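J.: Spelled out from the first residue to the last, the chains are:
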Amino acid sequence: MDSFETMLQMDKTKLAQPVNTVEEKWKLLPAFLKVKGLVRQHIDSFNYFINSEIRSIMKANDKITSDADPNFYMKYLNIYVGMPDVEEGFNITKPISPHECRLRDMTYSAPITVDIEYTRGQQRIIRNNLPIGRMPIMLRSSNCVLTGKTPAELAKLNECPIDPGGYFIVKGTEKAILIQEQLSKNRMIVEADKKGNASCSVTSSTHERKSKTYVIMKNGRYYLKHNTFTEDIPIVIVLKAMGVECDQEIVQLVGSEEKVLAAMAPSLEECYKAQVFTQVQALKYMGNKVRQRRMWGGPKKTKVEEARELLQGTILAHVPVVNWNFKVKVVYLALMLRRTILAQGATLKVDDRDYYGNKRLELAGQLLSLLFEDLFKKFNSELKKIADSTIPKPRAAQFDIVKHMRQDQITNGLIHAISSGNWSIKRFKMERAGVTQVLSRLSFISALGHMTRITSQFEKTRKVSGPRSLQPSQWGMLCPSDTPEGEACGLVKNLALMTHVTTDMPEEPIIRLALNLGVEDVHLLSGEEITSPQVYLVFINGNILGVTRDYKRLVRTFRKMRRAGYLNEFVSISPHHSYRAVHIASDGGRVCRPYIIVEKGVPKVKTRHIKELTQGVRSFDDFLREGLLEYLDVNEENDCQIALYESDITRKTTHLEIEPFTILGVCAGLIPYPHHNQSPRNTYQCAMGKQAMGTIGYNQRNRIDTLMYLLCYPQAPLVKTKTIELIGFEKIPAGQNATVAVMSYSGYDIEDALILNEASLDRGFGRCLVYRNQKVYLKRYANQAFDKVMGPLIDAQTRKPIWRHEALDQDGICAPGERVMNKQLLVNKYMPTVTVPSLQATGSGPGQHEYREVPISYKGIEPSYIEKVMISSNEEESFLIKILLRQTRRPEIGDKFSSRHGQKGVCGLIVPQIDMPFSDLGICPDIIMNPHGYPSRMTVGKLIELMGSKAGVLDGKFHYGTAFGGDKVGDLSEILVRHGFNYLGKDFLTSGITGEPLQAYVFMGPIYYQKLKHMVLDKVHARAKGPRAVLTRQPTEGRSKDGGLRLGEMERDCLIGYGASMLLLERLMISSDAFEVEVCNKCGLLGYSGWCQYCKSSTQVASLKIPYACKLLFQELQSMNIVPRLSLKKYNE
Amino acid sequence: MEEIRTRVVLNEHEIINVNSTDFPGNYPGYDDSWNLKKFSKNFRVDIVNVNERDMEFDLVGIDASVANAFRRILLSEVPTMAIDKVFIYNNTSIIQDEVLAHRLGLIPIKADPRLFEYQTADNNQGSETDATPEDTLVFELKVRCRKNPQASRDATDPSDLYIDHNRLIFQDFEKEIDIKVHAVKGIGKDHAKFSPVATASYRLLPEITLTETIEGALAERLKDCFAPGVIELDEVNDTIRARVANPRMDTCSREVLRHSELKDLIKLSRIRDHFIFSVESTGSLPPDTLFMEAIKVLMSKCRGLIQELERDI
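Just so you know, the protein sequences line up as chains R and B, in that order. UniProt numbering puts the first residue of the first sequence at 1, with every later residue one more than the last. UniProt numbering puts the first residue of the second sequence at 1, with every later residue one more than the last.
Warning: the hint list may mix true and false statements.
Claimed, not checked - Under the rule of at most 27 Å between Cα atoms (straight-line distance), these lysine-lysine pairs were calculated in the DSSO-like manner:
#, chain 1, residue 1, chain 2, residue 2
1, R, K195, R, K171
2, R, K968, B, K180
3, B, K180, R, K896
4, B, K180, R, K800
5, B, K223, R, K986
6, R, K429, R, K303
Unchecked claim - If you want a taste of the chain B side facing chain R, the calculated C-beta under 8 Å gives, among others:
#, residue
7, S20
8, N68
9, I95
10, V99
11, T199
12, A227
The hints are simulated quantities; they were obtained by calculation from the structure and are not laboratory data. Only a predicted model underlies this, so the values are computations on that prediction, with no experimental measurement involved. C-beta: ideal position from N, C-alpha, C; glycine also.
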């Protein structure tokens, strides 16, 4: 009877569930990541650049001619980027692996080769595969040796299979090119300034130039603003200059509504007042307003010609003008004007700059292509210059341009830009710093987080909240949690898990399709038809294509075609109703993400598809190809009805979310139960996860990094998330599962301090390894002398090496396994005293030089051990010695720890196990945490994590804390009860000190704790006496220079207020830079050893103590012809 | 009054009467002064089970401080032998020297520490010659991972390819560990590796009192609230009646207090002076011997204290 009842109940719950749920649709996510990898956006972009973009750059600049010889020409036929290799001298190359580049401080780059056709004298010659430079290769891109390798093959190349790639190796350092966020190019943006004046602006960008054009309103009249003109040009004159001479036509183009007419009238009047009626008059008017630029040769142009050319090529440069047919540009400008007028009249809302559909992301490939095009143009102009100057000269050999093709310009340009991060592109006058960063290898997560980072070009100092705040349109595209605190808050963002960034694709087929679908070409239309309220304008990538009557059909058909695979999956089409426009976008840099298509209220992905996916007979691309999934960009998302869960699907729904937790990025994905935390806590954890030490990759023991922190015994978290599994964090974790008791203990736990169990530390909790390296170069000098390394000095009595040389091996380099103390030598290096070639050639051969010691010694308060020594060479130096030093550290008081919920704390006390409380089972906590950490921070996720881990430990399995899902607290509690634990996770503890029970039940269980990189050993600093600065004789500053601790202004003010004058004197002078000076009381100047040189007497010279800085000031003033005089008086007069 | 003196009461959100208060003169009408006769009458040790590795026994009629003293001494003051010095001649494995030494140190050594002396300070110079047969055990480990000549051509498993291969230590062949280790006598206070027990702890004997008779479905529910065996159901006059069978099995999960209908029918407490002591040895000595050693340590400490006191007087 009872069981029947339960059966009934079960059925009810089943009935409540939606019919035919797609179970485990999250499995699409690993499939997605398998195809694309975690940093696919970088790799896709770079692949696009080296495989197709580079060719179009070459095509755009493919011909070099010479002014000196009309017969001479050189033409590029093709361009290739090869596979990475290294030149081992004498034109012998061998393929190179990324790891070798890291170790040997080299650049992981591949040759760029071209096929050319050129003339030598009268001959026409075709040469293939000529190198013109070297291109740094992105790891895991199509030209990288790592692509398509199995884990075993990767292991042979010393590469970690989990490492996502997407960065460059330049001179041995790993460099990531950050994603740059910009306002999209070639799109109209209508804005209003503070006074409420509307304006419409477009940033045009073509391969040649970049310019910004505004249509603004001033005193009821409309003007065109552009920085090539000295003043704003009345818009009507501009339109006339483009060939629309009739006022009626102008008005028709802009719109013939009453309101528009009224707004246009003053502008028309102004044009009349300026007495401009014809195109030539208008051009003349504009020509007079052109900003004079320095003349650089060329035939002198008339004003009219100049204005016409500006209109053609510079103003609204992205709108094509073919054969001086300004039609499209006229329509475009009229539309800008129309929008400005409508925005002024508040019929139209102004655009939101922060709306993410208006943003484009610039990735490594695009940035490199800008740079490469610049360098390529420079390379070509250099060749032209050489041709111009060499051809006229009579020579024995005929001019052969191949001999003048120098590789280093392009190579160094690329390498320098990537290694310094300064992107300077001449033709756009672009100067950007900090485009690249050294890939942070503190932990795996920090490296991964670095690859998904987006920086915005927005100024950091400006105090506006708009660009910093979270935009609703960023939903699913950018991680809402992962942003730094402080000045870059909200400007530096991170991609969400499923975001894809598009690359450019050709417009022509899309235009052809649009025209076939009934879009009427703008060339065929008059103004009245374009502004008619019956039609929608059709734009492609910001350019006007034409109009359509039935936009719905256009959009629907377009999407059908895309789903059927006739169009690229990343082409987006979306109507914009207030503009009465349809936007088709195929440009690069748009963010998009995949969704499940829903038709007639039923998702197209069925359980059967997922089953096939798990069986491995179906891949993610199949889903796209069969039209079950599609990518939506931000603009198209706005035209869709997307259901979050299957139960939310209604008749109107068009798409279904694949999995809600994909709105988070990789860093936020590590947090268990983030949806239970107060949101800033998740943000804090995103920042802290990057400082946690652990494992950085399977190849960590083969790396020789400048600084590397590893955990001795890293553990996979007991409560994991789907993201953790997807990114492989459980394979290379950064943290340990510590048993935490949430209780107060001893008072050393205030302000988030943690109490650690000594026995846990003895057994290896929080134990970490710190690796550092030391580089030594052995140089060869111009006079053929070179550095040398000598064996250790032997003490004459003991026949043992002297103490400083104890760690050295016979070859003079420290031996692996040895311990080095402070000031002991790592390499016993000697350098020749003379390094410049002497003028008179002495008979002494090499080896006869005199040497002096330049020992490389170890500095540090704690000794280190030598892990390994590498002897190699790189492009510049003949010898490169890299020494890897290791320290093992056990946690101490002051070391920083943090859980995964933004709850950081330092170790406040280390308590022996016997004093720790214990439970009935004899379990002792590893960490005691003060409960005051909870109420104000509201990190409920941490409480649930504890329950989850505890249940997991008891059940012998991992539990999930995935965002917006994960195991339910109720279920976890049930597991606890089943194993005889309290429902709330609170245990009965006994005090280890008194042996009596504690008065409260204590919430105890495992929580995943991270050890952060901030350790006391790296920060301890104190000094009694020590080095002083040379100039001021005051103590040096900073720990690295063993500096003093500053008694600053505020501290000084305290002492003044307190009246502690003698203490002040002691602190500020006696203990700092006291200096005894002789002062002549007659002239008031400083003397020397009882003698005043000015008065030539010693009668009134007195000695007194002043700060050295004061003496310095006097002397500096004297050097500026200012005489400071000291007058001395008796103290009691 | 009796309850305050002898029971620790477990309420839903707090524990009351946690401290022992039966010191002389605290309660009028009770003679709490300590005398041997009374103590030996009340004091009882029942060994529940004992084997080579672990032991459970009851310690009844004793103050928490004394029971705790035994626990603390077992954890940190009973000596054992553990590896303290590792002399590394060669280590080309992937484990770092320090980590290897740390892990070797944590290996429990089955050697009777009573047969050894403590290493004296002047005998602890950090050199290999420190070792004397009285205070040090010397071990040597010399392994080298070599290619297996008999391995078949298409073998890929490292354990077939190599001899003496340990995947955790050696990545590749021709890796070698050549070390000499010294194990010395020490106590858990200095380092957890010297602790002779995995853990030693105790809990108080739970007591469950049914304030009213609980019958029927309620009784069933009561049974489910406890670990199996704690509550038994008897059939009395055609109804099922709950009976506390074995409170010792209770894990003190307080599950019953979550049920509002049962909450007021039951009282959970623990007996203050009944300690269920458990000792898990790491293997160097059997747990019962360890406990005897702990008693000896406590006795010697007491002797020391008495000596100190007497000297001052």
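J.: Confirm or reject each hint.
T.: Hint check:
1. For a cut-off of 27 Å, the pair hint linking K195/R to K171/R is broken: about 53 Å separates their Cα positions.
2. Taking the CA atoms of K968/R and K180/B, the gap is near 52 Å; set against the 27 Å cutoff, the hint is violated.
3. Between K180/B and K896/R, the direct Cα distance comes to roughly 36 Å. Violation of the 27 Å bound is thereby established for this hinted pair.
4. Restraint check for K180/B and K800/R: satisfied, since their Cα atoms lie roughly 24 Å apart, inside the 27 Å limit.
5. Taking the CA atoms of K223/B and K986/R, the gap is near 21 Å; set against the 27 Å cutoff, the hint holds.
6. Between K429/R and K303/R the alpha-carbon distance is near 25 Å, which keeps this suggested pair within the 27 Å criterion.
7. Contact between S20/B and chain R, as hinted, is supported at the beta carbon level, the nearest pair being about 7 Å apart and thus within 8 Å.
8. Of the supplied interface hints, the one on N68/B holds, with its beta-carbon coming within about 2 Å of a beta-carbon of chain R, less than 8 Å.
9. At a threshold of 8 Å, the smallest CB-CB gap from I95/B to chain R is about 10 Å, leaving the interface hint violated.
10. Evaluation of the V99/B hint against chain R yields a held restraint, the C-beta minimum of about 6 Å falling below 8 Å.
11. A distance limit of 8 Å between C-beta atoms decides the matter here; for T199/B the minimum to chain R is near 4 Å, and the interface restraint holds.
12. Residue-level restraint check for A227/B holds (minimum Cβ-Cβ distance to chain R is 5 Å; threshold 8 Å).
In this structure, the hints that do not hold are numbers 1, 2, 3, 9, in rising order.
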